[in-house]
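*Asks:* Below, each chain spelled out in residue letters.
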Amino acid sequence: MQECHIAVDDLACRRGDQLLFSDLSLVLSPGEALHVSGPNGIGKSSLIRILGGLLRPVAGTVKRKGAAGLLDEHPALDPAIPLGSALAFWQRIDGGCDNALARLGLSGLLDVPVGYLSTGQKKRAALARLFGQNAPIWLLDEPLNGLDSDAVALTESLTAEHCRAGGICIIASHQPFTMAGLRHLELAGFAP
Amino acid sequence: MTRQLWALMRRDLARLMIGGQRGGSVLPILFFLAVAMLFPFAVGPDALLLARTGGGVIWVAALLAAILPLDRLIAPDIEMGFFDQWALRGISEEWVIAVRFLAHWLSFGPPLMLAALPAAALLGLESETLRLVELGLLAGTPGLAALGVIIAAITAGLKGGAALSGLLVIPLAVPLLIFGAGSLSTGGDSGIALTAACSLVLIAIAPFAGGAAVRATRDG
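Keeping their order, the protein sequence lines are chains U and Y.
To convert, note that position 114 of the first sequence is 114 in the working numbering; the numbers rise steadily by one, no gaps.
To convert, note that position 76 of the second sequence is 76 in the working numbering; the numbers rise steadily by one, no gaps.
A couple of the hints might just be wrong.
[To be verified] Okay, the calculated bits of chain Y under chain U, using three or more residues with CB under 8 Å as the criterion:
| id | segment |
| --- | --- |
| 1 | 56-62 |
| 2 | 87-96 |
| 3 | 124-132 |
[To be verified] Negatives, chain U to chain Y, calculated, CB over 10 Å:
| id | residue |
| --- | --- |
| 4 | Gly52 |
| 5 | His174 |
| 6 | Leu182 |
Honestly, the hints are just simulated from the structure, not real lab data.
Fair warning: this is a prediction, and the values are worked out from it, not measured in the lab.
Ideal Cβ placement from N, Cα and C applies to all residues, glycine included.
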């Protein structure tokens, strides 16, 4: 796995006129996982997007080493084409890594157009896309939404494996996430 | 990088080309032909009048047809999270927009030039006028495609962006129309050269303007 590291210093985030959180500092080394929790609207998703470089913070710095993969509510798979072709597009972009299709229970769904998949199946397909990206840093925004208990356990074990292999995981979720050695961050503590 | 751009191009062409997903560019081409077909019904079967005004009608129809595919050009990819995923992989918005422009023109320009042949027959154009129309479209459609991509990116984050993009394209396409359709009345190649110059300016701006517009949708 590629070398990775995240260092966040004095981060502040604003959406519109509202300051969501400020003075947030954290450091994550390879193999570590962080669970960001807090009520809706506290800025969990914004934090994830700032860490991925998709959103600019109003103050503070983010130093990230290593590529980041994002899993959020958008699966980024074309709804009109079969799942196999939609995932093949990302494999061509990412250089053809393993998708863990069999483990995610997607092998039988490759001919089904993405638009016909259920919420949970789409989420698993997005996990396959993330897995195939082979990025050392995983940014998971509400990864358990819409998943059944088996898929929840599978997501948790995939995340644990990723960290054991030397990756970093940041999970933003209001749901409990079970994993050995998981660090916690209550974002409400940084709200003004 | 080349591999990634090639993958982008393949996806864009599969989505946009005729026979692609959701019909690709069939609808704008049929719309273009429909306008050319309706015009003789509206002004009457005066062959002289049709031959004199037909070239201009083809240009107006091409411009209007260029507006039709705009709402599906950029906005769905932002909504579905594609641009976020590309940004995370280090593929800049500028490259995506440049590839999108090329695919959009390939799916729209050459089919339109082909459709101009039956349209010219319907309007009874002379062969010399047809030559100028085809050359003008060759010079002008890349500019229309680049303009379309820019406007589609700017209106992507807005509610009712489809109607707004039509209103924004029309004034900005006026130079293309003046020089392109103007070459018909003056009968010279200078009009076509100026159309091509307009197109080149728009193509040069498109990746940067479109890329900035896509990035701006993230800071809401």
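*Asks:* Indicate, hint by hint, whether the structure satisfies it.
*Replies:* Okay, the hints, checked on the actual structure:
1. With 0 residues carrying a beta carbon less than 8 Å from a beta carbon of chain U, the segment 56-62 of chain Y misses the three-residue requirement, and the given coverage is violated.
2. Beta-carbon proximity to chain U at under 8 Å applies to 5 residues in the segment 87-96 of chain Y; the threshold of 3 is reached and the given coverage holds.
3. With a cut-off of 8 Å between beta carbons, the segment 124-132 of chain Y has 0 residues touching chain U; three or more are needed, and the interface restraint is violated.
4. Not every CB of chain Y is more than 10 Å from the CB of Gly52(U) (nearest about 6 Å), against its label as outside the interface.
5. Every C-beta of chain Y lies more than 10 Å from that of His174(U), the closest at about 21 Å, which supports listing it as non-interface.
6. Every Cβ of chain Y is farther than 10 Å from the Cβ of Leu182(U); the closest lies at roughly 23 Å, confirming the non-interface assignment.
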